[in-house]
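Visitor: Protein sequences, first through last, are from chains Z and H. Residue numbers for the first sequence follow the numbering used here, so the first one is 1 and each next one is one higher. Residue numbers for the second sequence follow the numbering used here, so the first one is 1 and each next one is one higher.
Coverage of chain H stretches by chain Z, computed from C-beta distances (three or more under 8 Å per stretch; other residues unrestricted):
no. : region
1   : 15-28
2   : 42-55
3   : 100-112
4   : 116-125
Here are the simulated lysine-lysine pairs, BS3-like style, with alpha carbons at most 27 Å apart:
no. : chain 1 : residue 1 : chain 2 : residue 2
5   : Z       : Lys128    : Z       : Lys153
6   : Z       : Lys317    : Z       : Lys303
7   : Z       : Lys102    : Z       : Lys60
8   : Z       : Lys8      : H       : Lys127
9   : H       : Lys52     : Z       : Lys338
Think of the hints as simulated: they come from the structure by calculation, not from any bench. In this text, a Cβ means the ideal position worked out from N, Cα and C, and glycines have one as well.
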Amino acid sequence: MDENILEKLDLHQLGRELQQARTKRGLTQADAAQILNVARTTITAIEKGERRIKPDELIKLARAYGRPVNDFTRPRPSIEPFQVQFRGPYLRIMDENEEIKKYIDELEDLSRDYLELEQITNSPLVKKYPNEYTIKGLRVDQAAEDVANQERKRLGLGDGPIPLLRDILEQDVGLRIFYLPIQPSQYSAMYLYDHDLGGCIGVNRLHPEARRRWSLAHDYGHFLVHRFNPTMFIINNYQRIPQNEQFADCFAACFLMPASGLTMRFNDIRKTKEKIVVADLCMLAHFYGVSVEALTVRLEDLKLIPTGIWERLQQGKFKVREAQAQLGLGEIQCEDSKLPIRYLNLAVVAFGQGLITEGQLSHYLRVDRLEARNIVESLRRHISQESGSSTEIEFNLTESING
Amino acid sequence: MQITDAFSHDCIILDACCIINLFASQQMRAILESIPRSLSVAAYVKDHEALKIYTGPIDNVQATTELIDLQPFIGKNLLVLADIETEEETTTYINLSERLDDGEAITGAIAINRNWAIATDDIASLKLFQSRTPNIALVSTLDLVKYWVDTVKPNDGLIYETLLNIRLRGRYEPHRNHPLREWWQKYR
Chain Z
1 MDENILEKLD LHQLGRELQQ ARTKRGLTQA DAAQILNVAR TTITAIEKGE RRIKPDELIK
61 LARAYGRPVN DFTRPRPSIE PFQVQFRGPY LRIMDENEEI KKYIDELEDL SRDYLELEQI
121 TNSPLVKKYP NEYTIKGLRV DQAAEDVANQ ERKRLGLGDG PIPLLRDILE QDVGLRIFYL
181 PIQPSQYSAM YLYDHDLGGC IGVNRLHPEA RRRWSLAHDY GHFLVHRFNP TMFIINNYQR
241 IPQNEQFADC FAACFLMPAS GLTMRFNDIR KTKEKIVVAD LCMLAHFYGV SVEALTVRLE
301 DLKLIPTGIW ERLQQGKFKV REAQAQLGLG EIQCEDSKLP IRYLNLAVVA FGQGLITEGQ
361 LSHYLRVDRL EARNIVESLR RHISQESGSS TEIEFNLTES ING
Chain H
1 MQITDAFSHD CIILDACCII NLFASQQMRA ILESIPRSLS VAAYVKDHEA LKIYTGPIDN
61 VQATTELIDL QPFIGKNLLV LADIETEEET TTYINLSERL DDGEAITGAI AINRNWAIAT
121 DDIASLKLFQ SRTPNIALVS TLDLVKYWVD TVKPNDGLIY ETLLNIRLRG RYEPHRNHPL
181 REWWQKYR
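So here's chain H without its partners, still in its complex pose (with noise of 0.2 Å):
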C-alpha cells in the first residue's frame, strides 16, 4: 500500500507500535509536521499503555528509559485523541477484541467506523484488517519515516541516525517482507 492512499483518508490513526517507534526516532515532531494529514492515537493507547523507549547513550541505549509522553504533540495539534463514541464503535472494538488487544482493537474500531488510515508495524492487526476491511489503508511507521525523508530532504547523517535511534532506542527491525526493509538496510 502507498503512502498516499492513506491520504484519501481524513485522518491516520496510529498504533502503539508506530508511537514508540515514531517516539524512538527522536524526530517525532519533524515527522509529524510533515504528514499532509491529520494524526490521531486512542486516547486508550495514551492512557493505559505504559509506553516506553531506551535514552541511553548510543554506545549503551538500554542504561535507562523514558515514558513516552505525548502530551507535547498533543498540545501542538500534531496528534489528536480519539475515543470510541458510538454504538457501533463499541460494537466493532468488542468483536476486533476477539483477535488484537485492547489498544490495536479500539484503534482499529475507530479507523474503520470512521473511515480513517491506521499507521501500524504490529503484524497481527495488519493481517486482521488487510483480511477483513480492505478498504482502509494501512501504512508503517517507515512510510511516515520515509514520507519525510522525500517531502523534507533531510541529509543522510540525520537519515541514519533516526532509523538507528529507531533500531536501538525502540528495538524495532522491520521484517524482512516488508515493502520498505531494502531502504532501511540502506542505512544500516
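Next up, chain Z with everything else stripped away, as it sits in the complex (with noise of 0.2 Å):
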C-alpha cells in the first residue's frame, strides 16, 4: 500500500487528461501555476508528461477542476478528443461555439464512460457497420433512397414503419447514443465518430419524439456517408443546405418511410375513401413516428398527393398538436432515456460484481448515490418480473446460464 501508484502511471496520458481537464475547466496554464503554488513551466512540464506529480499536487489540481483524483487514477481508455471545427455551413453558428463545445465535451465523456464500462465489464460492443457508401455522381435523392434501401435490406426492416429507431441503431448497427437536454432547441443532434468509440449520436431530448427519431435517421444518414465528418444538425441553419445535409434529409425521409412501404399503405386508404383528409395524415404520420409535416412532404415527393399540401396547411394555420388530440393520437412510442439501456446494464452488472463502487455508479449514470440504488433496483425487479417468477427473486445478473 505505500507504493505511490503515481510513479507506475503513463507521464504522458496523465499529461494530457489533466491539460484537458484544466482547458475544460477553462483555466490557464497560469491559474494551474497559482493553484499549485509553482513556475508556470512547471505546469507545462506535468502536461507535457516531463515532470512526475507529486499525490498532493494532483490532489489539488483535481479539486480545482472540479475532477475527482479517481478520474487521473483510474485505468481508462486512451481516446483522442473530439476536435471539432465546424466550417463552411456551420459558419453562421461558429460565434456559438463555446455553447456546441459543452455538448460535444458530454458526449465524449458519456462515450468514453460507455467504451471503459465495456473494458470493466470485458464486454466489447459489436459493432456492425456497412462500409462507407458511394453516393458520387447520383443525385442527392435518388442516393439516399438507394442507400436507404439497402440498408434496411441490410438489417432486416422490411418496409414497414420503424417503431424502435434507437434501439435498432444501438442494438444491431453498434452506434452510442445518447438524449441530451440541448439548449437552444434548433440544435436537433450531433455526430462524431472516432476510432474506438465508433459512430456516437447526441439528441436532443427535448424534442418531441418525432423530431428526435428524425434526427437520429438525419445522423444515421451522415454515418452512412460521411462516416469521419463530425455534424451538428440544426434546424433552419442555412440559406442555401448543402449536399451532405441535403442527403442526410432526404435519407431519414426514405429510411423511415420507404417508398413502397409508404405507397401501399397510402394506396388502401385511397381504395376505401373518396377523399383523403388532413386526419388520414396525421394517423400515417402517427403510424410512421414521423411528424404530419415530414410525411405529407414525402408524400409529396413521391407524388401520390399534389405538391404544396404542406404549404397550404401552413397559411391555415393547421395545428398538428389539437388534430393529434382529436384524434386520441398518443405519444409515440420511445426510448428517450439519457443513456443507452445497455450502458446502464453494463454499468449495474459492473456495480452488482463489486468492479466499480456505489460512488463510481452514480457517475457512470449521471445520478446522485439514492437514485443510482433506484435505478438498480428497479432493473433488478424488472428482470425478475421478465423472468416469469411470481415471487421476488435474487437475480444475479452477471450468473452463467450455462450451469
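Dock the two chains into a complex; use the hints.
Guide: Shown next, in the form of C-alpha cells:
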C-alpha cells in the first residue's frame, strides 16, 4: 500500500488528461501554477509528461478542475479528444462554438465512459458497420433512396415503420446514442466518430419523439456516407442547404418512410374513401413515427398527393397537436432515457460484481447515489418480472446460464 | 467479521453508503449512541457528496427527498469529522483512488493509516479492503443496527420499522451472501 501508484502511471497520458481537464474548466496554465504555487513552466512540464506530479499536487489540481482524483488514477481508455471544427455551412454558428463545445464534451465523456464500462465488464460493443457508401455522381434523392433501401435490407427491416429506431441503431448497428437536453432548441443532434468509440450520436432530448427520430435517422445518414466528418444538425441554419445535409435529410425520409411501404399503405386508404383528408395524414404520420410535415412532404415527393399541401396547411394555420389530440393519437412509442439501456446494464453489472463502487456507479449513471440505487433496484425487479417469477427472486445479472 | 472485532480499533469510520443507510433508518442517533467506540466520517463525504434519502409518506416514500445533514450528529459528538492529514494518508488515498471513488478512497486511507475499523456496504470497497488490508476490521450497516437491537432491545415493531426505512428510504437491500441477510429477511 505504500508504493505510490503515480510512479507507474503513464506520464504522457496523465499530462494529457490534466491538460484537457484544465481547458474544459476554462483555466490557463498560469491559473494552475497559482493553485500549486509553482512556476507556469512546471505545469507545462507536468502536462507534457516531463515531470511526475506529486500526490498532493494531483489532489489540488483535481479539486480545482472539479474532477475526482479517481478520474486521473484509474485505468481508462485513452481516446483522442473530439476536436470539432465546424466550417463552411456551420460558419453562422461559429459564435456559438462555446455553447456547442459543452455538448460535444458531454457526448465525449459519456461515450468514453461507455467504452470504459465495456472494458471493465469485458463486454465489447459489437459493431456491425457497413462500409461507407459512395454516392458520388448520383442525384441526392436517388442516392438517399438507394442507401436507405440497402440499409433496410441489411438490417432486415422490411418496408414498414421502424418503431424502435434507437434500439436498432444501438443494438443492430452498434452506434452509441445518448439523448441530451440541448439548448437552444434549434440544435437537433450531433454526430461524431472516433476510431475506438465508433459512431456516437447525441440527440436533443427536449424535442418531441417524432423530431428525435428524424434527427437520429438524419445523423445515421451522415454515419453511412460521411462517416469521419463530425456534424451538428441544426434546424433552419442554412441559406443554401449543403449537399451532405440534403442527403442526410432525404435519407431520413426514405429510411423512416420507405417508398414501397408508404405507397401501399396510402393506396389502401385511398381505396376505401373518396377523399384523403388531413386526419389521414395525421394517422399515417403517427403510424410511421414522424411529424405530419415530414409525412406530407414525403407524400408530395412521391407524387401521391399534389405538391404544396403542406404549405397550404401551414398557411391555413393547421394546428398539428390539436388535430392529434382530437384524433386520440397518443405519444409515439419511445425509449428516451439519456443513456442507452446497454450502458445502464453494464454499469449495474459492474456494480453488482463489485468492480465499481456505488460512487462510481452514480457517476456513470449521472445521478446521485439514491437514484443510482433506485435504478439498480428497478432493473433487478424488471429482470425478476421478465423471468416470469411471481415471487421476488434475487437475480444475479452476471450469473452464467450455462450451468 | 464480528462487530466486536471492530471494537478492538479506536474508531470506526463510516462510508457514504453506511451514512445513507443509517440516516434512512430514522434511528441513526440511537444506533450511534449504542456503539461503544468513536465514530467518524470523512469531511469529503460530508462536504462533497450530496447524500439524500427519500422522505415521503411510507406508502409513497419517493414523493420527496431530503439532503442528509450530519451537523446535528457532529454537534453532539456522535460523529467526528476526519480528513487526510499526513503524507502517508495522501499517498494511500491516491493509491486507493485507482480502484475506488474519492469518498471511499479517503475513508480507506484514513482507516488504514490510523488503524481504524471501516463501516461500509460497498461491495467493491469490501473486496479491495479485504484483499489489501486484512488487519482492518470491516463492518456493515446491518452489523451496527443489529448491535443496537442486541444491546438496546427495541421492540419488534421498531426493529421492523427501522429496517423498512432502510429498505424504502435508503433503497438498500443486503446482498444475498450478507451474513445478516437471514436476520434482515426475518423482519420483512
